[in-house]
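*Asks:* Next come the chains, spelled out residue by residue.
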Amino acid sequence: MGIFINNGEKFIFCFLIDSQTNLMRHLYNISWAISGTECELQKRNMTENGLGHRVLNMDTMNPNVKRVEYAVRGPIVQRAMQIEKELKEGVKKPFTEVIKANIGDAHAMGQKPITFLRQVVALCAYPDLLEDDKFPEDAKNRARRILQACGGGSIGAYSASPGIEIIRQDVAKYIEKRDGGIPSNPDNIYLSTGASDAIVTMLKLLTSGEGKNRTGVMISIPQYPLYSAALAELAAVQVSYYLDEDKCWSLDVGELRRAVKVAREHCNPRALCIINPGNPTGQVQSRQCIEDVIRFAAEEHLFLMADEVYQDNVYAEGCQFHSFKKVLFEMGPEYSSVVELASFHSTSKCFMGECGFRGGYMEVVNMDPEVKLQLTKLVSVRLCPPIPGQALLDLVVNPPQPDEPSYATFIKERTANLDILAEKAKMTEQVLNTVPGIHCNPVQGAMYTFPRLSLPEKAINAAKEKGQAPDMFYCMKLLEETGICLVPGSGFGQRDGTYHFRMTILPATEKLKVVLKKIREFHKRFTEEFS
Amino acid sequence: KPNMTENGFGHRERVLNVDTINPNVKRVEYAVRGPIVQRAMQIEKELKEGVKKPFTEVIKANIGDAHAMGQKPITFFRQVIALCVYPDLLEDDKFPEDAKNRARRILQACGGGSLGAYSASPGIEVIRQDVAKYIEKRDGGIPSNPDNIYLSTGASDAIVTMLKLLTSGEGKTRTGVMISIPQYPLYSAALAELAAVQVSYYLDEDKCWSLDVNELRRAVKAAREHCNPRALCIINPGNPTGQVQSRQCIEDVIRFAAEEHLFLMADEVYQDNVYTEGCQFHSFKKVLFEMGSEYSSVVELASFHSTSKCYMGECGFRGGYMEVINMDPEVKLQLTKLVSVRLCPSIPGQAMLDLVVNPPQPDEPSYATFIKERTANLHILSEKAKMTEQVLNTVPGIHCNPVQGAMYTFPRLTLPEKAINAAKEKEQAPDMFYCMKLLEETGICLVPGSGFGQRDGTYHFRMTILPGTEKLKIVLEKIGEFHKLFTEEFS
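Sequence order for the protein chains is A and B.
Using full-length UniProt numbering, read the first sequence as starting at 1 and increasing by one per residue.
Using full-length UniProt numbering, read the second sequence as starting at 1 and increasing by one per residue.
The hints are simulated quantities; they were obtained by calculation from the structure and are not laboratory data.
Ideal Cβ placement from N, Cα and C applies to all residues, glycine included.
Wrong hints could be hidden among the right ones.
Unchecked claim - Here are the in silico distance ranges between beta carbons for each label pair:
| no. | chain 1 | residue 1 | chain 2 | residue 2 | range |
| --- | --- | --- | --- | --- | --- |
| 1 | A | Leu373 | B | Leu485 | 31 to 41 Å |
| 2 | A | Tyr407 | B | Gln280 | 26 to 36 Å |
| 3 | A | Gly181 | B | Lys137 | 54 to 64 Å |
| 4 | B | Thr375 | A | Leu373 | 38 to 48 Å |
| 5 | B | Asn393 | A | Asn185 | 44 to 54 Å |
| 6 | B | His379 | A | Thr409 | 40 to 50 Å |
| 7 | B | Glu97 | A | Thr96 | 26 to 36 Å |
| 8 | A | Lys466 | B | Gln280 | 52 to 62 Å |
As the list claims (entries may be wrong) - Derived PhoX-like pairs (lysine-lysine); straight-line CA-CA distance at most 20 Å:
| no. | chain 1 | residue 1 | chain 2 | residue 2 |
| --- | --- | --- | --- | --- |
| 9 | A | Lys66 | B | Lys94 |
| 10 | B | Lys94 | A | Lys134 |
| 11 | A | Lys204 | B | Lys164 |
| 12 | B | Lys26 | A | Lys377 |
| 13 | A | Lys66 | B | Lys26 |
| 14 | A | Lys204 | B | Lys26 |
| 15 | B | Lys48 | A | Lys66 |
Start from the sequences, fold in the hints, and give me the full structure.
*Replies:* This is the structure:
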């Protein structure tokens, strides 16, 4: 329990129960100065054992941290976890399980690991297994190669801070192959603890200036809230640009221009972030769009950050993943020798879904050499990303080849995972679009749907009375009545007066069918209840 | 600035350059992986390419990485991890039953039964419970609440998170954080990046690097004139100094923190690395609670531990945790929110930590091998600690305090005036000048004391005691020879 302070005079008695030791009683006498902006706190604290005002409290803590929000693991997820506990304790509910469709975690929803990847990592973890003939020779060779590159032949040794050298080389080769031969320099590859780590590092480097000169960073509405959280923590300025819901969440350069022009009045826009394929929206941007964005970044002198963690998750006919690096270089040296770009990838998504390993990398293009030294220095303080994650990444970028024993199984598993996701993407779009009041854009890629909800006026008012965003009100009710945990659109950003939720397409097909059905039924009930 | 490149296109000033980059990042230094290590890596490449040198290998005695220097992993830990990574192995009868049970228990606590799923952000619940039990057992039964345990990506991650939470204010109210001279430069680096104020307190080299509360008082008093001291960090056992603080000292520090209203951060990653007779590890948590509720209900404490050191040396797994005591409940909500943005620490690292805090018990099949490996590792370190101290102290001009614990020696060097001047001409710290020369002539890579902090006019280096015993003997011999030659050359 905490202290709630409202405007006006209030005396508040707060009973604090410390879960760890004793029951403590604090008596606060709070009186407000007439100015209204200052508050004189006279605290006479009487505890059973004399606890005074803490060193680290809400007033002394880092104010930037207070401004951080991360909806993907926010209040609704905390309520979902509470409900799960209640179910375990036998509390009766209208459902028997909580379905966590809030987070892009494929394994948690039943997807199986890729066999080859786990064989190699197991061999690396316990090299005695190299004698075990249950493991195929290509897996053993990968493991030996990785271990040779580790200090003392052990994945327990620190690596160089940008990552194990041969893995950076493998990443560079992967990029070259993916991008039709456009060269990639391993020195420009930095392995990281998930893509999030590298994204935060770049934003940190970019943040400087004061007041009107403070770094502004352009990011989409809607966006994956790592960006807004990191910008809040760094006290950089978030510069929002709207994706066009009516055009399948595509990006219009006219909107980028509007946003940057407005931003220049109060900050110094230095970077433009784009997530492609998109999270939460699932759009796969066209090649034309990517060229436009690059051209815009060049004209407006912006550092481009391309979050491409869903690069294998493309489902819709006619859609294709175009890496920003590739398009940049195909646009010729007028752009490719000028535009500063950082591209991000991860082991958490695509066909492997290895979130828990925290594997990832970024490739930096046209980075100032002195800044690059600073980047290398900065990552050295945290020593290195986890070696199991680096090893896993190596297998993602250097998978079994057609002439290798493990290829058949590998390609079968990979194809199955991506096919199933594609089917679920279609099914999700179809079913949700049969619900009056729910409109779902095609899930072209990634792992989510972000449908738009028509909410009755009465519901919106009920939400406001509770001090809740209307889509949070909706999602909370859905959770309590069905056990389905989604994240309200307000956690990602949306146009004023619009409401959405983000749902993953990751529950197993049969379960997903049930989830979609329940959402449809809930929406009908909800609309009737608040009509 | 228009620059013409080879292809004739104007090469204007970059968006992200040394003027627009985060100024705090520029102020960050981390000597453990700094310039001398970069030169060592360059030399290694040259050796590979066949360049002739007065030595055949670079000996990296700069970083506390046991496996890199030949220490073998603990068998049981790697068995369980392998079982978790590839559960098909649960059918393999080459694995002992206790390893399989540990693996099943961990996997059951993972989403979808896979290490590839994200966990809750503070870490897998059952592992947090195991950590709490470990702490209770270590601290003679003093309760530990799993809700106060936050797993992290190495101890560094949790330390930075706490420093971040503590940093607020402007100008004279800017957070000041007390940290030892010498210190492990993660602290100075993090404080520079956060633009918090580093408040240095000197450890007493003449008294085996012990901590004197009067020195703490001097430091905090001086600091209050220009910042708002809010935290006190202490590394025990110490890095780079290797001292193991006495129980009396720990009580004094706790009392001081209570009096001066400071948040205590106890970096205890070397808690099993205690070598000297008469020295013992006392956890800050334990001492705090044994001092009674006048302190134990008031002093805010965060204690840190890791899988990287001790007897296991699993640096690459990036496992760690912190326990927070008496944290404001609202701040705790903020902490939980903050760690949620990065989702969770690496699951393999969490699993490794679980085995460290929940190792084989005497009644389990793997116990005999486990205890043998653990004992051997700690024993060998203890011998190397003694040998290092002995040998270095035979060298005129090198004075080495006892290596009571941790993994390093931080001997003091007497450098001739001429050498100090030569260094200044090169714009190098004298101990950097010394260490660079040592590297070029012997291939031995150490870190100059200037990277950790030291009293003005004193010079040190930090060397790990981790090379294999025979190799360490050679290293110590070569350092002795080098010091003699160096002193002669600059006399």
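*Asks:* The structure should be examined with respect to each hint, and the outcome stated for every one.
*Replies:* Structure-based check of all given hints:
1. For Leu373/A and Leu485/B, the hinted distance range of 31 to 41 Å is satisfied, since their beta carbons lie about 33 Å from each other.
2. For the hinted restraint 26 to 36 Å between Tyr407/A and Gln280/B, the CB-CB distance of approximately 57 Å leaves it violated.
3. Between Gly181/A and Lys137/B the beta carbons are some 59 Å apart, a value that agrees with the proposed interval 54 to 64 Å.
4. Taking 38 to 48 Å as the suggested C-beta distance range, the pair Thr375/B and Leu373/A conforms, at roughly 44 Å.
5. Checked against the hint of 44 to 54 Å, the C-beta distance between Asn393/B and Asn185/A comes to roughly 48 Å, which is consistent with it.
6. At roughly 46 Å, the beta-carbon separation of His379/B and Thr409/A lies within the given 40 to 50 Å, and the hint holds.
7. Remark: the range hint 26 to 36 Å for Glu97/B to Thr96/A is upheld by a beta-carbon distance near 33 Å.
8. At about 56 Å, the beta-carbon gap between Lys466/A and Gln280/B stays in the expected band of 52 to 62 Å.
9. For the hint linking Lys66/A to Lys94/B, the alpha-carbon distance of about 51 Å lies beyond 20 Å, and the restraint is violated.
10. Note on Lys94/B and Lys134/A: the hinted pairing holds, with a Cα-Cα distance of about 12 Å set against a maximum of 20 Å.
11. This hinted pair checks out: Lys204/A and Lys164/B have alpha carbons roughly 14 Å apart, not beyond 20 Å.
12. As the CA atoms of Lys26/B and Lys377/A are separated by approximately 9 Å, the hinted pair is consistent with the 20 Å bound.
13. For the proposed pair Lys66/A and Lys26/B, the alpha carbon gap of about 26 Å is over 20 Å, so the pair is violated.
14. Taken as a hint, the Lys204/A and Lys26/B pair is honoured in the structure, with Cα atoms around 11 Å apart against an allowance of 20 Å.
15. A hinted pair counts as satisfied when its Cα atoms are at most 20 Å apart, and Lys48/B with Lys66/A does not qualify at roughly 51 Å.
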